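Residue numbers (this note's numbering), protein chains in the order written: chain A, 1 to 203; chain B, 204 to 314.
Hints in this document: simulated from the structure, not taken from any laboratory.
What you are looking at is a predicted structure, and each value in this text was computed from that prediction instead of being measured.
One thing to keep in mind: the hints can contain errors.
Said to hold, decoys possible - In silico BS3-like links for lysine-lysine, alpha-carbon gap of 27 Å or less:
hint, chain 1, residue 1, chain 2, residue 2
1, B, Lys312, A, Lys80
2, A, Lys173, B, Lys297
3, B, Lys297, B, Lys312
4, A, Lys165, B, Lys297
5, B, Lys209, B, Lys288
6, B, Lys297, A, Lys80
7, A, Lys50, A, Lys80
8, A, Lys91, B, Lys209
9, B, Lys303, A, Lys80
10, B, Lys297, A, Lys36
11, A, Lys114, A, Lys36
12, B, Lys303, A, Lys114
13, B, Lys288, B, Lys312
14, B, Lys220, A, Lys114
15, A, Lys50, B, Lys303
16, A, Lys114, B, Lys297
17, A, Lys80, B, Lys220
18, A, Lys65, A, Lys165
19, B, Lys297, B, Lys220
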Amino acid sequence: MRRHQWFLAAALGLGAVVASCDTTAYRVAEADSSLKPPHERQTAPDFELKDADGRTVRLSDYRGKVVLLNFWATWCGPCKLEIPWFVEFEKELKDEGFAVLGISMDEGGWDVVKPYLESVRVNYRVLMGNEEVAMAYGGVESLPTTFLIDREGRIARVHVGLVSKAEYENDIKTLLGQESGARRDRSGVLAADGGGATQRPLG
Amino acid sequence: MRLRVKLQPGYHVNSHKPSDEFLIPLALSWEGPLEAVATRFPEPKQERYGFADHPLSVFTGDFEIGVRFRAPGGKEGREAAMRGKLRYQACTDKLCLPPKTVDVRFTVKFQ
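Start from the sequences and build out the full structure, keeping to the hints where you can.
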């Protein structure tokens, strides 16, 4: 065989992303620079996914809570840096009406994800994602991609890529303080406040 | 045969021997009449990134993968197509893209 010197340039990195998404899906254009004002927030697409125990979980189950919805994978280093922060947020804020939901995009499934979750003692619900839910959220491809969802199930902010713990804390604090037009005081009596934000300290 | 790979600035791919069990290694496989008897990857870089506690074994920029093939006998005067798959997973220091596979093809003429 005559030896052939073949130079083949294979361009890697950001190639063309060809995706066909439902036009009614949430459109993720770019990361948001700040929380969207309530009137600009779109409804977060509902989904049904399985958790590590095989139970079906819907986003709509969390209506009334502030949700941090995090798309991640075990092969994503920046994702894994954020996870201990989310564990802390879940522990400190769950009684304030906050929840973290992780959506794993690992092709290897629970065989890969469960050992990792146990090793880092994740205390929040992790669901196994699929292409359908990624498309519903505008074609999530870069990881981590994190959606902050208000108590009315609307997307308040999108983060694409690693951000600081403080930035998450500030956003969550603001959303926990924002009510849907009425607030319940500690005695349980409803009081109308015209939808204004009420700042409450964390912890 | 040498396969030249070009990464866009800011991106790295895990090397063929990543430093973490969860990381997806660079891998090259072939189908066709030639047998790949040796694959030579360049020496990986040990790079530090803000999201990791320890250096990662990665490739960045432009690099080449060398492959030595063995041809079967009795094919003189014939042509054959080789089809390869290069699997990689790329990240920046802030985000990661999902694992991808790129097709690699070339034709060889036996003499």
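Status of each hint after checking the structure:
Between Lys312(B) and Lys80(A), the direct Cα distance comes to roughly 48 Å. Violation of the 27 Å bound is thereby established for this hinted pair. Taking the CA atoms of Lys173(A) and Lys297(B), the gap is near 24 Å; set against the 27 Å cutoff, the hint holds. The suggested pairing of Lys297(B) with Lys312(B) is violated, with an alpha-carbon distance near 45 Å, which exceeds 27 Å. Proposed proximity of Lys165(A) and Lys297(B) is supported: the alpha carbons are some 14 Å apart, at most 27 Å.
Note on Lys209(B) and Lys288(B): the hinted pairing holds, with a Cα-Cα distance of about 16 Å set against a maximum of 27 Å. Under the criterion of a C-alpha separation no larger than 27 Å, the hint pairing Lys297(B) with Lys80(A) is consistent with the structure, at around 11 Å. At most 27 Å may separate the alpha-carbon atoms for a hinted pair to count; Lys50(A) and Lys80(A) meet this at roughly 21 Å. A distance of roughly 44 Å separates the Cα atoms of Lys91(A) and Lys209(B); the hinted pair therefore is violated under the 27 Å criterion.
In summary, the hint linking Lys303(B) to Lys80(A) is supported, as the alpha carbons are separated by about 20 Å, within the 27 Å threshold. Between Lys297(B) and Lys36(A) the alpha-carbon distance is near 23 Å, which keeps this suggested pair within the 27 Å criterion. Only pairs whose Cα atoms come within 27 Å are accepted, and Lys114(A) paired with Lys36(A) is rejected, the gap being roughly 34 Å. Between Lys303(B) and Lys114(A) the alpha-carbon distance is near 23 Å, which keeps this suggested pair within the 27 Å criterion.
Straight-line distance between C-alpha atoms of Lys288(B) and Lys312(B) comes to about 21 Å, which keeps the hinted pair within the 27 Å bound. A distance of roughly 23 Å separates the Cα atoms of Lys220(B) and Lys114(A); the hinted pair therefore holds under the 27 Å criterion. Among the hinted pairs, Lys50(A) with Lys303(B) is consistent with the structure: their alpha-carbon atoms are about 25 Å apart, no more than 27 Å. Between Lys114(A) and Lys297(B) the alpha-carbon distance is near 24 Å, which keeps this suggested pair within the 27 Å criterion.
Restraint check: the Cα-Cα separation between Lys80(A) and Lys220(B) comes to about 20 Å, which is no more than 27 Å; the hinted pair holds. Proposed proximity of Lys65(A) and Lys165(A) is supported: the alpha carbons are some 20 Å apart, at most 27 Å. Proposed proximity of Lys297(B) and Lys220(B) is supported: the alpha carbons are some 22 Å apart, at most 27 Å.
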